[in-house]
Amino acid sequence: MIGQSPLRTVIAHAVLILGILIVAFPIYYTFVASTQTLQTILRPPLPLLPGDQFWNNYTEALFGGVGRIGGVSVGRLLLNTTIMALGIAVGKIFISILSAYAIVFFRFPLRMTFFWLIFITLMLPVEVRILPTYKVMVDLGMIDTYAGLIIPLIASATATLLFRQFFMTIPGELVEAARVDGAGPWRFFFDILLPLSRTNIAALFVILFIYGWTQYLWPLLVTNSSNMNTIVIALRKMVSFADADTQWHLVMVTAMLAIVPPILVVVLMQRWFVRGLVDSEK
Amino acid sequence: MTPRVVFPNKILPYLLVAPQLAITLVFFYWPAGQAFYQSMLRQDPFGLRTKFVWFANFRKVLADPAYLNSIKVTVVFSLATAIVAMCVALLLAVMAEKVVRGKGLYRTLLIWPYAVAPAIAGMLWLFLFNPSIGSLAYMLRSFGIAWDPLLNGTHAMILLVSAAAWKQISYNFLFFVAGLQAVPKALIEAAAMDGAGETKRFWTIVFPLLAPTTFFLLVVNTVYALFDTFGIVHAVTGGGPGKTTETLVYKVYNDGFVNLILGDSAAQSVILMVIVISLTAIQFRYVERKVHYG
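Quick note, the sequences are listed as chains A and B, same order.
Just so you know, the first sequence maps onto residues 2 to 283 in the numbering used here.
Just so you know, the second sequence maps onto residues 3 to 296 in the numbering used here.
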């Protein structure tokens with residue numbers, strides 16, 4: 002270990018604190034704005050400390066009729082977003098663990114073809130096939146449904162690749178031992194493979210939950226009715242920067258409600274989050 | 003690869019891959035095929051007749067000044083976002099390596115923007131820098147800067163880059179921290195014994211050894227700036243003022259859904275696919291190298 006001068010340590014701390022100020026400031030300021038009256042917000046500069054309207058604004062946004070979002074309650078929007086995020090996380094893990102299991106632990110004709118078919122989808126993000134995918138959704142009658150929000154986003158190669166990579170590190174002796182003991186493929190899957198994959202599943206879950214929660218383009222396309230909007234889309238609809246009648250204090254409350262759940266997931270499940278992030282990008 | 007021990011079932015594996023394969027075929031390959039097909043069709047303005055035109059749409063799109071402008075916008079936006087996000091993150095990661103006390107706390111406080119949706123990040127920044135009610139815009143004005151991202155294209159671009167880079171700092175930070183931890187301490191100590199100062203040690207040892215991480219992040223950040231930032235553009239500027247912030251993905255959306263020029267939009271989709279495929283190929287060559295030397 003090389004010693005370093007106290008001055009350099011101080012500089013390091015100073016730079017980090019400055020960095021945190023930059024990183025945290027927009028979020029902190031949103032919180033401050035969400036506790037002020039509309040009049041205060043409309044007259045910059047905004048005070049740096051929270052105001053006294055916390056209770057009023059939050060109850061109004063949560064329980065009052067917020068007409069600006071097309072008569073849909075914030076609760077409904079949060080529910081939609083939660084269903085979408087959970088659906089994507091659980092669905093993706095479910096289908097990809099199964100297909101990775103098949104590809105690693107079975108030998109069957111077309112195995113590698115299937116693997117490549119899945120692998121290539123890495124290169125086809127929604128953004129590059131917007132219009133045709135939308136048309137498929139219309140043809141299948143999946144506009145304005147939860148299935149429409151979730152299913153097209155759950156097939157992705159990353160999760161399958163991650164599980165495949167992990168499964169390949171499982172020693173063949175383990176499979177052999179299980180077979181000698183008379184365990185069939187299902188028994189092996191539930192009693193050995195799933196418990197071993199717990200960490201991977203948790204890590205992947207955090208990443209995918211955030212991924213689902215922060216989706217923008219897809220919900221924008223497949224939801225027409227305000228009832229099915231996610232909170233991110235609804236927030237966008239509440240804001241009009243041009244005209245003055247945006248209810249900024251309520252917009253800020255909604256923004257807080259939209260960013261706090263995923264932030265909590267990241268901060269509370271930090272260990273899994275960091276692991277999932279670093280692993281899933283290999 | 004050594005032959006693996008496998009289960010002998012014949013039908014079960016097909017059932018296991020079926021769900022993923024079905025979704026992949028219906029929502030990935032079918033639409034992607036449609037995009038290719040559409041990109042070679044041209045409809046008359048009333049949608050009555052459709053003609054097969056081979057590559058005419060591509061020629062038209064690539065000759066369109068608006069498209070060329072959008073390529074330029076995208077390149078500027080992606081590079082600026084990637085460079086800003088990576089420089090800030092590298093600085094913070096290097097500093098975080100130096101401190102002993104409070105490391106965990108710093109990390110926790112630095113990672114949360116990752117959880118903020120890009121569109122919301124954009125709106126928060128626009129709220130801060132909105133010419134009429136933004137507090138930071140107020141500060142800029144009091145310094146005598148005529149700040150107006152709603153009318154000035156350069157200002158709009160700066161705002162988009164700040165919001166996009168802000169959100170990406172956490173991600174880069176985590177990867178740089180992981181990369182820095184992998185640098186062998188013995189090398190640094192040896193250099194210190196030979197009398198190399200801290201700055202010199204960083205540029206001659208640490209930075210070159212970080213190259214794989216840096217390169218990987220460059221690709222990831224470029225892909226992020228290209229695709230995931232649609233929300234920021236849509237929520238903050240809507241491509242404006244006057245197409246100065248219209249990125250390629252935003253243009254595909256706009257031409258397809260707002261202007262309903264299907265052939266052009268499909269041709270643009272295909273061009274985007276080619277871009278993603280080349281970026282992914284670059285990324286995988288890098289992964290291969292890592293396997294070799296790692």
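Take these hints with a grain of salt, some might be off.
Straight-line Cα separation of at most 27 Å, DSS-like style, residue types lysine-lysine; simulated pairs [said to hold, decoys possible]:
(1) B/K62 x A/K136
(2) B/K12 x B/K100
(3) A/K238 x B/K245
(4) B/K105 x B/K12
(5) B/K74 x B/K187
(6) A/K238 x A/K136
Think of the hints as simulated: they come from the structure by calculation, not from any bench.
Cross-check of the supplied hints:
no.: 1; hint: B/K62 x A/K136; result: holds, 24 Å
no.: 2; hint: B/K12 x B/K100; result: violated, 57 Å
no.: 3; hint: A/K238 x B/K245; result: holds, 21 Å
no.: 4; hint: B/K105 x B/K12; result: violated, 53 Å
no.: 5; hint: B/K74 x B/K187; result: violated, 43 Å
no.: 6; hint: A/K238 x A/K136; result: holds, 24 Å
Violation of the numbered hints given earlier is confined to hints 2, 4, 5; the remaining hints are satisfied by the structure.
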